Amino acid sequence: MLAWAVIRPRGWPEAVAAAPAAVILIAAGAIPAGAAGSEARQLGPVIGFLAAILVLAHLCDDDGLFRACGAWMARSSAGPSRRAVPRRLLVQVFVIASVTTAVLSLDATVVLLTPVVFATAARLEVRARPHVYACTHLANSASLLLPVSNLTNLLAFAASGLAFGHFAALMAVPWLAAIGVEYVVFGRFFAADLNTGDLNALPRRDRARADDEDTGLPVFTVIVVVLTLAGFAGASAAGVNPAWVAFAGAVVLAVRALVRRRVAPASLVRAADLPFLLFVLSLGIVVKAVTDNGLGRALAPLLPGGTSLPALLATAALAAALANVCNNLPAVLVLLPLAAPSGAGAVLAVLLGVNIGPNLTYTGSLATLLWRRILRHHGSSPDLGEFTRLGLLTVPAGLVIGVLALWAGLHALGG
Amino acid sequence: MTDSDTQLRSVYIWVCEGTWRASVDAALSLAPADARFTLLHVTSPDVPDAAHGAYAGLFGRGHRAADDPGTRLEKMAATSASDLLKAAAARLGRRCERLEVQGRPERAVVAASADADLLVVARDGDRTRLGPKSLGKITRFVVDHAACPVLLVWPEPAPDVATIPPPPHHPPPPPHHPSPPDR
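The listed protein sequences correspond, in order, to chains A and B.
Here the numbering used here is used: the first residue of the first sequence is 1, the next is one more, and so on.
Here the numbering used here is used: the first residue of the second sequence is 1001, the next is one more, and so on.
Hints listed in this document are in silico derivations from the structure and should not be mistaken for laboratory results.
Please note that a few of the clues may not be correct.
[Stated by the list, open to error] Cut-off 25 Å, straight-line C-alpha distance, at most; resulting in silico cross-link-like pairs (SDA-like, lysine to any residue): (1) B:1133 / A:61; (2) B:1086 / B:1066; (3) B:1133 / A:84; (4) B:1133 / A:384; (5) B:1133 / A:191; (6) B:1137 / A:129.
Just so we're clear, the structure is a prediction, and the values are computed from it rather than from any experiment.
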């Protein structure tokens, strides 16, 4: 089933294989129907939460939020010193990509923000490589902060029993540390590209296209997103599932967009990506069956118990390795039940591993990478060496510093 | 070249983001007016590939070709390249050929300019001082491997000669030196 998800015959959604696999496993008795049901009950709210965030990000894009970000980056990168433009743009990209990933999830950064960043770099006549690579890296390593930043976080959040605010407080310093490591490495790794600001360059008027026009910040949308964020923390503290807040935020923006006829209902349904939600549910049941039937026992000795610093480091390293072999979603589903008994600290260490780790391979896992290599019939092969070198520089350092920050946070704030 | 003078016939100008103006200006001031100019731009697939990869990494979600940011980046890169060549041609103000190539820039530039009489290249590294770091990795490869004469220009006035670090203070010891024990 994992092979199907990677290969995707004829472009069929992953759920086409995953859902029957889950049904077969239940029918064959590999997982009791009751256990499958409780897994589904646990995953249901997580999946609903994810759907709401996907729709929210889509509506933010429709309302021009990312276009406005591009215009802001272009404006504030241009300045008296032309030579500094590429480096200033890199700072803006780091800020925007980190916040976008944290608030609207890594999908928003990869799908919605990356093209805007490329367009901004082209408009400023800056080599786009460092800035686009920054988006792809930060989509992973800057997805540590909030439960909504990454599906892996939503799953771990449900398993850890932490409140929304407590989760964010524990992850804030590791998040900043991981971003800091990325920034330092990027500044050195791409020094040549970042030094090519042109002293003679003038803004190119022929570039100004309709979609590049600054439409201004969509204030209403930003307010709704900020209120939704505040609502997450409030609802969680009051014992209400924050998924309802995400749902409410998405509904407010959706109704407004529908009334103004800016989006079609079909595109909202499409943004919620129902086949994917079914896939996650099926994957959860299949992974549970596999874990209960041996994989859990096989992995348990590898995972150290407790939340001492060496134990957290080893947990994060194992999670990063597993995420790189298969993918971070199956990896987190396998590791969560094993880490949860050791407490929230161990669960968050798993998250550091599965969120930062995928930057080692540019498709997030070796399985996806190998399949893409096989598929590539034509043209030159991509320069994997450069991406891998960049990953080797950022991932181990990010993991170690992130875990140190987490360990310190657990001691200061309590896990 | 069989002509008796040293007239250059085919001048390739490597057009890169950020430094192309200097290359065009150098060609205008240093190449003969009747040279055949070619503006060469290389689009590297690795930036769209990074976006393709990130999209594929969205496990279970990266399956809609229409949403793939890599595809959008490929289209934008093509537009950006043609805009850049258009702007370079306008600055050159001479008849010229525009050549847009896909591939690894370092190898594509060497291959495309193999039969040229001159290739104009701008430095693109750390340009605060004279030295090997004033060439980025890709430009270094082109300068090292070019099969034609290369004109290497500074995109802005070159740094002072004093920016070269001083030579080592002590000369290195002779390689073989029958040394008596100290003291």
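Status of the hints after comparison with the structure:
Among the hinted pairs, residue 1133 of chain B with residue 61 of chain A is inconsistent with the structure: their alpha-carbon atoms are about 41 Å apart, more than 25 Å. This hinted pair does not check out: residue 1086 of chain B and residue 1066 of chain B have alpha carbons roughly 29 Å apart, beyond 25 Å. With a C-alpha separation of about 18 Å, the suggested pair residue 1133 of chain B and residue 84 of chain A falls inside the 25 Å cut-off, and the hint holds. The suggested pairing of residue 1133 of chain B with residue 384 of chain A holds, with an alpha-carbon distance near 24 Å, which does not exceed 25 Å.
For the hint linking residue 1133 of chain B to residue 191 of chain A, the alpha-carbon distance of about 10 Å falls within 25 Å, and the restraint holds. About 14 Å separates the Cα atoms of residue 1137 of chain B and residue 129 of chain A, which keeps this hinted pair within 25 Å; it holds.
Hints 1, 2, counting from the list given before, are not met by this structure.
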